[in-house]
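S.K.: This is what each chain is made of:
2 protein chains.
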Amino acid sequence: MIDQKNEYSIKEAFIFSQRMALLSKALWKSVEKDWQHWIKPFDLNINEHHILWIAHHLKGVSISEIAKYGVMHVSTAFNFSKKLEERGLLVFSKKEDDKRNTYVEITPKGEETFIQIMETFDPNTNAVFKGALAIHDFYGKFPDAMEIITILRQIYGKDFIDTFEKSFEHIDQEFTEIENKVAKK
Amino acid sequence: MIDQKNEYSIKEAFIFSQRMALLSKALWKSVEKDWQHWIKPFDLNINEHHILWIAHHLKGVSISEIAKYGVMHVSTAFNFSKKLEERGLLVFSKKEDDKRNTYVEITPKGEETFIQIMETFDPNTNAVFKGALAIHDFYGKFPDAMEIITILRQIYGKDFIDTFEKSFEHIDQEFTEIENKVAKK
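Residue numbers (the working numbering), protein chains in the order written: chain B, 1 to 185; chain R, 186 to 370.
Same shape as in the complex, but just chain B (with noise of 0.2 angstroms):
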């Protein structure tokens, strides 16, 4: 059975979507495990980890913006984002030009906290990391996952994936700030 207009075969469309299904639980549950003992001293889960980081890089984002770039329930995002402001490190507004959505904000204790965490990274307890290490040896980089990044800007949208590369640029600058910081120390 080939679907004449794409070429392709439903057993090629099976197994491609059962691999990447399979390979994705596999990377997701090794970054997962790495990624909550990274933030475990500073008392903070994936997703609330993951909205401080938003409203680090996007200044003044609104609660569905978190869901969206976030991957999570407007309801996560919302639950979450109350709990950071109620520990100090968000603060909730409205815009004046608009009055129906919520707007939350980094405070300095926020900033201060973020900082802190990426400061305490180690790349020698992160999996993913040293399991690139092989190709960063043998092709000088780290993979770039053009091909992962080319499928969800299908499936997230164009949006999605400028913001995501834009909040790495944002972290480049960052990133050498600190480091300058710590190699003063």
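Honestly, the hints are just simulated from the structure, not real lab data.
There's no promise every hint is true.
Stated by the list, open to error - The list that follows gives simulated cross-link-like pairs (lysine-lysine, DSS-like), each with its CA atoms no further than 27 angstroms apart:
#1 K33/B - K343/R
#2 K268/R - K294/R
#3 K29/B - K196/R
#4 K214/R - K253/R
#5 K196/R - K181/B
#6 K109/B - K82/B
#7 K315/R - K29/B
#8 K95/B - K83/B
#9 K141/B - K343/R
#10 K244/R - K267/R
#11 K225/R - K244/R
#12 K267/R - K68/B
#13 K130/B - K214/R
#14 K83/B - K68/B
#15 K315/R - K158/B
#16 K214/R - K29/B
#17 K267/R - K253/R
Fit chain R to the given chain B structure using the hints.
M.R.: Structure of chain R alone, referenced to chain B:
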């Protein structure tokens, strides 16, 4: 800060591992949603279906092997296997030469359910598949996800990936049989 031995900077390490974390979260959330939707009519969850998958491809598999190849805790593997046993989809047994481990085997009813699920697979409801069609149109084939496989091989070991690949060779053969059956209908 350059790690002299491996020639990567901490910034590079941080950015790579964070990119992979966020990408794998977004990928998994999409996979999880479609997987749940696909197996819902059969009243199974992802771990249960994954256990059936493993029991189908590896004849006579231990609970610890299910945990390993299914990327789940041993207790999760045991509890969900138990539920499948209660539904008559698996049977538990002990081996003559290995009384300490529990082995599971898929029953004829389990096989029937497993094949039925395969037959209801519709690529058009699978976002990762649809997301990869642009790559297929461009390159003439679906991504092989080699970078991910390399990383997972380092994390979970050679055995894990070899078994993974063998199960897909197995599916390839089986699917041809199912296609022939469907074509005759």
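S.K.: Which of the stated hints cannot be reconciled with the structure, identified by number in ascending sequence?
M.R.: 12
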